[in-house]
Amino acid sequence: MHRVGRVSALIALIAAAVVPVAAHHGTSITYEVNKTITLTGVVSEFVYGYPHPQVYFDVTDESGKVQRWGSEFGPTPLMMRNMNVGWSRTTIKPGDKITITCALHKTPGATACLAREIHINGALVALNGDQAKQVAAVARPQ
Amino acid sequence: MKATALLALACLCTVAAHAQNPPATARRPAGAPANPRDLSGKWLRTTPFQTYSNVKGGANEFQNDIVAGRKPDLNRDTGLKYSEPVFTSAGKAAFDHNIPSYGLRITAPKDGNDPQGNCDPWGVPRMLNGQVAGPHAGWSILQTAGKFIQFSGWHHDYREVWTDGRKLPSLDEAEPRWNGYSVGHWEANTLVIESVGFDDRTWLDHNGYPHSDQMRLTERYRLVDADTLELTMTIVDPEYYAQPFESDVKRFRRDRENEKAFDEQIYCVPSEEQRFNRLIRDAGVGKVEK
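These protein sequences, in sequence, are chains A and B. First residue of the first sequence: 1, per my numbering; consecutive thereafter. First residue of the second sequence: 1, per my numbering; consecutive thereafter.
Hint data in this document are derived by calculation from the structure and do not stem from the laboratory. Hints are not guaranteed to be accurate.
Straight-line distance between alpha carbons at most 25 Å, and here's what the computed DMTMM-like set of lysine to aspartate or glutamate pairs gives [to be verified]:
#, chain 1, residue 1, chain 2, residue 2
1, B, K56, B, E246
2, A, K106, B, D65
3, A, K106, B, E272
Please work from the sequences and hints to get the whole structure.
Rendered as structure tokens:
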């Protein structure tokens, strides 16, 4: 990516990070914003649709039981703006292994959450400005 | 990298400020408009209330406390001036029936009934509030001979205003429509739009303020300068409000750069929205579906 493109992309990500989640309805009130969980699983579906992109993935626990989870990302327009830094309809594919840290749903026992950080096949893909800096630091030629 | 960091910091500050406060002084005055009766263009709200009026909680100013489970101090100085409508008993009942996902009564969408949750029409005046945060908060105006059209890019809706001199139908004559039936005329350089015939399934705003099908809406648009548009609204709805319900004075800045052109590709798609709600917001992931 050209330098100008990288700067623009970083700005877009930072905008995504600080625009209130009120862009859609009720995101913040749906989740325990201060409680996160980290899950590792295999992707069954990635939906790059309205109003928020979603990833569905299967998590296998120590006993071998498989549980399907879903996680939403930022509002789709903001994610669209982030396309140039790695997000597109094919950023996550069925079969990918993801590790996701996300805010828990307030409904007890729910297997849905709000993504805060995601590694796709071991690589961090930025969801906010700080993560974009991490990704840029790793990608920068030495 | 230093330049990048500075840019990033500047962006962070700018966007954060935009989200919280009206950037009323962020831009230089644009000078007098070449034609004070040409309102065409794309306009983005700069004043803080995302609601129809300046009700408490209408600028999401207490949301962080509420979401975190803290009781908000509703008497703290937010720097905002508030005004609350006077309901009739039927109006209060309608307000209580509406369960929003914003404001002081913010509720998880799965337990609420905002029409937006099914991609149902916002209607007028909700479409005019510029309710979406930050740079999506607006609409476009197209003026033609005899007709004024407003487009909401976010919700992909438009409303028509007849400016060809025709009369407003009576309440009895006007069939309910999502966006009402509107006629406009000029008073000096203020465009005055009067509307009747509204479908009462829409809300005035995303905080759940209601209206009946007896609502009469008057909008007043005035160019403050070439790049600043001012809108004030008045609702007369004796079924739901004991007094005329005034909006705040909303200001919009002209978006000459068409900053968020990509929004034109954003649709509220009912099937996508409903599946998202069912699986994620309603926490149904484990139960469904192939």
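For each hint, the structure was consulted:
1. Distance hint between B/K56 and B/E246 is fulfilled; the C-alpha atoms sit about 14 Å from each other, no more than 25 Å.
2. For the suggested pair A/K106 and B/D65, the alpha carbons sit about 16 Å apart, so the restraint of at most 25 Å is met.
3. At most 25 Å may separate the alpha-carbon atoms for a hinted pair to count; A/K106 and B/E272 meet this at roughly 22 Å.
Of the hints listed earlier, there is not a single one the structure fails to meet.
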